[in-house]
Each structure stands twice: as structure tokens, then as C-alpha cells.
Amino acid sequence: MSTRKIGVYICYCGGNISDYVNCESVRDAIAGEEEVKVAKTTMFACSDAAQQEMIDDIQQQGLDALVVASCSPTLHLFTFRGVAERAGLNPYLYIQVNLREQCSWAHTDVPDQATEKAINLVKAGIAKARLTEPLIKTRIETVPRALVIGAGISGLRAALALSDLGLSVFVAEKSDKVGGWVAEFGRMYPHDRRGQDLIADLVREAGLRENVHIYTHAELREKSGSVGDFTVRLDVKGEPVTLSVGSIITTTGFVPYEPASGEYSYGTDGVLTLTEFKRLLDGSEGGLTYRGRPVDTVTYIYCVGSRGSSQKDTPNMYCSRYCCNAAMHASSLAHELSPAVHQFHLFRDIRTYGKYELLYQDARQKGAVFIRFDGEDPPQVEKSNGRFRIQVKDMLMAGEELDIETDLVVLATGMEPRPNQALNDVLKVPVGLDGFFKEIHPKLRPVETVIDGVFIAGTAQAPRNSAESVASSLAAVAKTAALLKKGYVELEPLIAVVDPETCTWCGECVGSCPYSAIEKISFGDKEIAEVNTSLCKGCGACVPACPQGALGVKGYTDGQIRAMIDAMMIDMVEASRG
Amino acid sequence: MEHGGGMAGDDFRPRILVFSTVTISDIGIDMAGSSHMHYPPTAISIPLPCSSGIRPEWVLYALTHGFDGVFVAADGTDCPFLPDCTDRTAKVMERAQNLLREHGLKPERLKMAAICSVCAEAFQRHMKNFFTDLKKLGSPGKAG
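From first to last, the protein sequence lines are chains P and S.
Oh and the first sequence: position 527 is 527 in my numbering, straight run, nothing missing.
Oh and the second sequence: position 144 is 1144 in my numbering, straight run, nothing missing.
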């Protein structure tokens, strides 16, 4: 027989719950449950007074499990785990029941039924609490070194910042030179400094640091270990280099969108991508010329390869966000080179957000003409007598058809994720539908990935300009420092576990684990599966893979799920059958 | 096949067990509640880390222990653990439907849809539709 002593607290949430759920009925329905030693309602469970009352009850009545039925766990799971801890109870003996978002607020129209549901939710919470066990976080000593993959502006700046913090840094660059795209840029907005000068400064500074090591021709081949203590093997110019690092920052950058052949006549001499046009501008002096001939007219077409616009099979649905600004800046530079040049900007929408609006104003003041077209009815480009003829319907002039003759067509092309399957296979960081590396949470955890200790930054994560890329890489540096400067990490214990008695080692679970966290070990006179606690993320993908039912996830065990289902039946069977 | 004898008719309120996920679909279901978007209160959730970790046996257990339908509010492409979560979950649910058939239960008692962290309307719609469908099916009765 179980000997659990469970405390259950049902929160009014100041009326958010109790206006629709009869909390006293819920309390009365569960107060007589076996092992429920304390059953109380409270105005605000999260208030200091209520928390102290729980601590007192736990200590005075010797409670060994805690259930709070209040709001969503996303708000207060950690609050009440903290209450348990402060009372001397293992935090994993706490169960939160969501009575607000998933009950009272969802069923404001039927309070009686909301109360029935609340009773079942709380009973299920108690059933789960009965089967809780104390869990201990795994502590791992961390290595004060980091690996940065990719030596563009994001990676180089991250390396210097890590070095400033006293952490050793290895930078692995796949190509034969450092600096990425910015190393090829001329004048950049808004400081007007040349991209290659910015990179040269960063490289010079890195060369002065004893704790920064940059490898070129270097690719990551293997990664083992876990957060705080990875072993990585690089291939550097054909030679293996093994390093021990505590974290990995991935700044592998982007590739520019390459238009399909014939997309806006791309492939015809005189149709350039934004990258190619920028190169032309950077290499021009004393007037804008193309192939030795002065350029009289430049026409830009926006959103090429972005926002669903593409002649490829799978168009990119996202906005690349940098291209409007970059096209405006190019327009301004073109005007400086040849003040008499005519410039037409054919756009769908202009997204010169924040201070980049000034670039837009500047381009207009210098005489550039902006024509808005419908994405469903894009401009037509054809070569005509050595120049180009563009037909476009001006949406701001009731669809009036315009003919533009131009020397150059500049396609404002966006960014695409760099194809990097081999690296992805080693890092195991998920990519989104757009193909860019995916963070855990776009707002709250923007540079962390589900692989603890592996961070993402720059344009490997999303289209960005260089300022935004560096900001994100420095955020990754801050997260790395928070991880490695403490000296240890604690890993969440809600992970998979094998029942050694039931397991017969068929190996099915190994293939189901996306993190290579399951291995074979000897157990007595047989072989069984074992979960590497530092690699397992607790997703549970292995659980249905096991034909013996020998795998479970702590906190979500087979016994707990079945007990919750049983508990949910008790009243509802009567209630739902009228 | 199902043996009949289960409830049906106007008073019958089918009970739906929702397997949700802690980081994705629970957030969407929370949002439905926060927006006071009503759905049948007989729909009740058990959150798990990831929808690919649902044992087919749990689906069978729920349907033989009082629930009339099981809805898997899957992570879909937003899954923080698995890029192929949808495919994996779909395969597990296919196994679960086969298990239901073996026990004489109708496979349509198990439904799955991706519910993202802002999919409040989709969740509400799925609950209402599934409730209506199950009302027509009646309860499984004492099957298998």
C-alpha cells in the first residue's frame, strides 16, 4: 500500500477560476481521496502568504507530494517547484494542474461542466502525484573553451567577445579565407566604413589574442559528449584535430538567392543580382559603367526569391528583410557615382524599418522613382536593342501600364540557408521549414537550440543584416559565458529510462532516438539498452518504439499515464452520460 | 467490431482524451482558453513532452476505460525535438489505429492534427468537429 501524503491546493485565481469553477466542490470531491492529507482552496496560490502556508503544511504534516491546481504550468511550474524545494521537498514531487487556461476560461459558458472537468483534472493530478519520485539533476563540470563554426563577421566578433571573457576560442572556417560576405563588401551603411576594413580589424585583433585560434579549411566531422563538455573532431586541411569544448556557436551564414534561369531574364548579360550589382558599385570609380559603357538607367526589382516570389518549385515564403535596405543603399551609391543616372525601383512593399527609413528618404530625394507592382502580376523583362524593356503595372496609378527602358536590371535577391547537410547531421540542430537553424523560442530563448550547449547566431538562423547578426552572435556569447563561467551545468532529470528487467535488447529504441542517447550495455547475463543521461532530451520518441514497453520518460511514466486516465473516469462517466 | 450498447442520442456527451505536448500544443490549447474560445468540456488533456512519445497502448487503454475518442494534438513541424515529428507521430498513430481494429474498435475514434502554439482556433474547431463525429459514432460500449 502506498504511504503518500499529498497536499492539494485549489486556486481561485482571484475569480479567474472560481467565477466559473466551484472550487469548494472540487476540494470536497478530492478531500476524501486516499493519501490526500491536505485539501484547501486559496485566493491566489502564487501569493507569498499562500506559498508560506504550503511550506508550513509540507513541513508540519510531513507531506511528500504537492499538487497545485491553478493556472498554466508555463506561468508557475517553477514557482511551485521552488515552494517544494524551500520546504525541503524534492521539486519533482510537485504536480501542476491547469485549471484556468484549460478549464475555467475555456468553459465560461457551462460552469457546472467546468466544475466536473476541474474535479477530473485535479484527480488526474493527484493520481500522477502518487507515482512521483524524487529526481536529481545531473551535474556536469564544464570546459572553459568554445568552438565557433564559421568565421564571418558574426563568428569573428563572437570569438573576440569570448576571448574578452577569458574563454578560449577555436574558430573553424570551412573556406580558405575568413571574413565571410562582409570581407567582400565596400562601403557599408550607416558608418560608411568598408566591409573589408571591418573584417581586417577583427582578424588583426584576433591575431593578437593568445586564446583565439582560427582554423581555415576546417569542417566539423564529429561531436560527442554533452553540454559543457563536448569532444569535437575537426578536419583541418585533411588532418584530424580533436578539441575539448564546453559550447558551440554556429555562425555558418547564408547564401544569396540564385534566381532561376530566365527569372526576370536572369542569365542575360545586364541582369544582375543585388550581390553582383554591389560588387560592380564597389569596383567603380568616376562614374557607373557596365562592361565599359556608361549606365544611363538602372531598374531594381524587389522581393526576388522572397515572399513567395520565385520561379523555382519551392519558393521562399519569408521576407529576407535586408534586401530593401541594401537596394536603397546601392541606389544611393549609384547616384554618388553618376548623379545623372535614372533609377527605377519596382517594389511590392518597402520594408526599410527603423533607421533605414532614412536610406529610403535619401533615395527618393535623389530622384529615384518608386513604382509599386502586384506580386501576382510581376514586371515583364525583355532584351531590346541592347537594352532592356520592362513592362510594369503601377498599382498606385490604378494599374497604368508603364514601359521602362533600362541598361541594367538589378534583382533585389534575398538570403537562403546555406546548404550544410553534413554539418547538420553532426550538430543535430533542427532546422525550420525555411531551412534556417531553429531556436527554442523566438522571443525568450532566441539563440539557444534544443541541443544544450549549441547556440545559433547570425544569418545561419534567419535573414539579417550584419548589425543584427553581430547582436545575435554576442547574445550567443553571453549565453555561452553564463554556461561556462559557472563551472558546472545541471541537466533536467525528466529523461528516458529503461526497465532492465523488461528490456530484451532488440535495438529498436536505438534507431528511434534522434540524439544517439541509447546504447547497449551488459546487465547480469543479458544485454539491455541504457540511456545516456547527458544526451537524452526526454522527448520520449523511444517509448512507443519499444515492443516490450521497457522504456518510459520520468515524469510521464506508463503507470502515471494509465493512472491519470483511470482518475479522469471517476466522475465523468456519470456526468457525461447525463 | 464494436459491440454496440454504448450511449448515443442527444444526452450523450462524448468524452475526448487529448494528448497534448508541453512546449507546443499545450500553449495553443492554453491560448484557446485565454481567448474564452469554448469547446466541449468533456475534452481533457494529458500533456507529454512530444507527440511522438505516445504509446499506442495508451490510446487503447483510454478507449477501453471510458473515453469515446482520443485526439492527438501533435507538435507538427514546430517540434523542438524532432524535425520529422509529424511523420513519426503519424506512424505511431497508424499502429494505434491497427491496435484499435484488433480490439474491435473503430479507428476513427483516434484523430491526430498538428496544433501549434498559436493554433487556438484550429484546436477549438477540431474539438467541436470530433465531438460531433463521436456523437454520431456513439460510445464504444463494451468492446473487445
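Don't take each hint at face value.
[Unchecked claim] Result set (DSS-like, lysine-lysine): computed pairs, CA atoms no more than 30 Å apart in a straight line:
no., chain 1, residue 1, chain 2, residue 2
1, P, Lys554, S, Lys1111
2, S, Lys1091, P, Lys554
3, P, Lys428, P, Lys355
4, P, Lys137, P, Lys554
5, P, Lys37, P, Lys137
6, S, Lys1111, S, Lys1135
7, S, Lys1136, S, Lys1091
8, P, Lys443, P, Lys485
9, P, Lys366, P, Lys312
10, P, Lys366, P, Lys383
11, S, Lys1091, P, Lys428
12, P, Lys520, S, Lys1091
Everything labelled a hint here was simulated from the structure, so no lab data went into it.
Because the structure is a prediction, the values reported are computed rather than measured.
Margin query: Checking each numbered hint in turn, tell me which of them this model violates, lowest number first.
Written below: Violated hints (numbers, rising): 3 and 9; every other hint is consistent with the structure.
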